[in-house]
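Each chain is listed here by its residues.
2 protein chains.
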Amino acid sequence: MGDTKVETISRLAQWRIENFGPCSFKKSDPFKVGIWNWHLSIERNRYLSVRLFPELSRVSKEQPPVAKFVLRVSNVGPNRRFYISPVYEKLLRTTDDCVWHVDSSFHGRFTIDVEFLDLKICPVNGGEASPVWPTDATMQSISTQTTLKCLSRMLEESILTDVIIHTADGTLSAHKAILSASSTVFKSMFHHDLMEKESSTIHIDDMSRESCMALLSYLYGNITQEEFWKHRLALLGAANKYDITDLKAACEESLMEDINSSNVLERLQEAWLYQLEKLKKGCLMYLFDFGKIYDVREEISSFFRQADRELMLEMFQEVLSVWKPV
Amino acid sequence: MGDTKVETISRLAQWRIENFGPCSFKKSDPFKVGIWNWHLSIERNRYLSVRLFPELSRVSKEQPPVAKFVLRVSNVGPNRRFYISPVYEKLLRTTDDCVWHVDSSFHGRFTIDVEFLDLKICPVNGGEASPVWPTDATMQSISTQTTLKCLSRMLEESILTDVIIHTADGTLSAHKAILSASSTVFKSMFHHDLMEKESSTIHIDDMSRESCMALLSYLYGNITQEEFWKHRLALLGAANKYDITDLKAACEESLMEDINSSNVLERLQEAWLYQLEKLKKGCLMYLFDFGKIYDVREEISSFFRQADRELMLEMFQEVLSVWKPV
Numbered sequence: 001m002g003d004t005k006v007e008t009i010s011r012l013a014q015w016r017i018e019n020f021g022p023c024s025f026k027k028s029d030p031f032k033v034g035i036w037n038w039h040l041s042i043e044r045n046r047y048l049s050v051r052l053f054p055e056l057s058r059v060s061k062e063q064p065p066v067a068k069f070v071l072r073v074s075n076v077g078p079n080r081r082f083y084i085s086p087v088y089e090k091l092l093r094t095t096d097d098c099v100w101h102v103d104s105s106f107h108g109r110f111t112i113d114v115e116f117l118d119l120k121i122c123p124v125n126g127g128e129a130s131p132v133w134p135t136d137a138t139m140q141s142i143s144t145q146t147t148l149k150c151l152s153r154m155l156e157e158s159i160l161t162d163v164i165i166h167t168a169d170g171t172l173s174a175h176k177a178i179l180s181a182s183s184t185v186f187k188s189m190f191h192h193d194l195m196e197k198e199s200s201t202i203h204i205d206d207m208s209r210e211s212c213m214a215l216l217s218y219l220y221g222n223i224t225q226e227e228f229w230k231h232r233l234a235l236l237g238a239a240n241k242y243d244i245t246d247l248k249a250a251c252e253e254s255l256m257e258d259i260n261s262s263n264v265l266e267r268l269q270e271a272w273l274y275q276l277e278k279l280k281k282g283c284l285m286y287l288f289d290f291g292k293i294y295d296v297r298e299e300i301s302s303f304f305r306q307a308d309r310e311l312m313l314e315m316f317q318e319v320l321s322v323w324k325p326v
Numbered sequence: 001m002g003d004t005k006v007e008t009i010s011r012l013a014q015w016r017i018e019n020f021g022p023c024s025f026k027k028s029d030p031f032k033v034g035i036w037n038w039h040l041s042i043e044r045n046r047y048l049s050v051r052l053f054p055e056l057s058r059v060s061k062e063q064p065p066v067a068k069f070v071l072r073v074s075n076v077g078p079n080r081r082f083y084i085s086p087v088y089e090k091l092l093r094t095t096d097d098c099v100w101h102v103d104s105s106f107h108g109r110f111t112i113d114v115e116f117l118d119l120k121i122c123p124v125n126g127g128e129a130s131p132v133w134p135t136d137a138t139m140q141s142i143s144t145q146t147t148l149k150c151l152s153r154m155l156e157e158s159i160l161t162d163v164i165i166h167t168a169d170g171t172l173s174a175h176k177a178i179l180s181a182s183s184t185v186f187k188s189m190f191h192h193d194l195m196e197k198e199s200s201t202i203h204i205d206d207m208s209r210e211s212c213m214a215l216l217s218y219l220y221g222n223i224t225q226e227e228f229w230k231h232r233l234a235l236l237g238a239a240n241k242y243d244i245t246d247l248k249a250a251c252e253e254s255l256m257e258d259i260n261s262s263n264v265l266e267r268l269q270e271a272w273l274y275q276l277e278k279l280k281k282g283c284l285m286y287l288f289d290f291g292k293i294y295d296v297r298e299e300i301s302s303f304f305r306q307a308d309r310e311l312m313l314e315m316f317q318e319v320l321s322v323w324k325p326v
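Residue numbers (UniProt numbering), protein chains in the order written: chain H, 1 to 326; chain X, 1 to 326.
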């Protein structure tokens, strides 16, 4: 087996050299620690010079490593002797950034260890270096994934559910604690001596079982995009009725994204109904600033016959302010 | 106001040109749609030539856009006429990828609309183009954030909690449904007619209140890295005792990452106690393959006096298989 392979475990890398002649040079294979590939190289001149450097790549160029480490050279066999470097803490980019000269006559078989005490990414545009090893994100995402899996099982398998929801076409079971934590309206239902608290049932007659299921998927953290798109308007109504602010904002954001001539009037109506200021402005801009009013000429009359007077007034004001007499 | 600015809303971009002479050329400012900056340009020769192209950048080079869109040119004022392009679906990289020749004599004031019907990222190394507009990830992450906020409120404000946990030094309240969904042991406690089910209390005397709080933070999806590191061993014990497999794996993974000479024997003991195969192998490799056994020479005797006989045997076998007589 060639002796260029470096073994790694945890934050330790070990290069076992089988034979190293008098005036030689040897470079190791790349070995991965953190987000970089590394190399070790040794050279025999007056000293034994040990170098540690990251492999040239886009990662090491754009996110160069700041490493805190210690190097160790030791021969093999019973009367082991070893040399330990000082603890270095350096930005490592090129082969010259870390050269350790060891006054040792080692040749033939010996071992080089690198123990990384800390590894950070050095921001090229200045600012604080960020740690490579498990940051908050890693642990949090593991725990989040576990929790979300449990929540979806709690919902799908109705584990210890304590409230029944009667929808327009079927029932669902859920957990009062989750509903209460997500909505002030649900919270008051279960706290004050209301019918819902005693009977542990809720009636949501203005939602189908399927869209109510989408609402629960949202509250239990695992709604899919498809489910959200399909039930957006029902979710918007529920978010407004049960005061679920994040969901209301998410619906508004999503409805803003695909305004077109076939839905702009309907969206304007919803924006008015649920006081969605951004969506209302977006629709008015689409109609008047972008001149799309011409594309919906026929629908305007039926729209005006049932729209809220204040909305009609606001539309009229918009035309006056945006358009000019020709 | 110069007429090079392009307004955008939702998937529509509109360029209102104030004056465009006979044989001229005009290029718009960049406007952002999706993840790219775009330009429109118009040129008058025999036709009016309209071009749409992404601004040259690393994004447009490495993740070029595949756009489905329609262009529209219309004059302003009462007798509006407009020309609508066919629906294009193209990979757009350069100014020549999309040229629409309009046989119109428009000059002076007119408007150009681009309506993006769909936008995808074309993978440079082949494979399926990925949509730019809200993918599953966007919606899921909104719903996940909402749920995690609710869960941490449920825990911190003890909203409708239904079980009391007595730890070694204090009590905590939690939700049976969440504990049951996370652990088969908790689940059976609350399902079978055991003391816990009747009394709605659990006794965890081998955990401090603080480490039990860390356990709940993990189960409710918002443990911090710091909390995890501080209580890793207690969490490992609890994960083993209550059969919380994800947590057990996360603890093993984390303990593998910072093995060093001061903790390797303690970790080997834990790995043996909780049957953590990977951690055990990692510790043995650290000790024998990497020769760190020399660093822990003194501690070995006290370790051997209380270690499990089978573990001692396995360590001995490891030495015989990894080392060679010199």
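A couple of the hints might just be wrong.
Since the list can't tell identical chains apart, any single copy or any two copies may satisfy a pair.
As the list claims (entries may be wrong) - DSSO-like cross-link-like pairs, simulated, lysine-lysine; straight-line CA separation at most 27 Å: (1) K149 x K5; (2) K230 x K26; (3) K68 x K230; (4) K5 x K281; (5) K26 x K324; (6) K187 x K149; (7) K149 x K248; (8) K241 x K90.
These are computed hints drawn from the structure, not numbers from a lab.
In rising order, the numbers of the hints this structure does not comply with: When the structure is compared with the hints, numbers 1, 2, 8 turn out to be violated.
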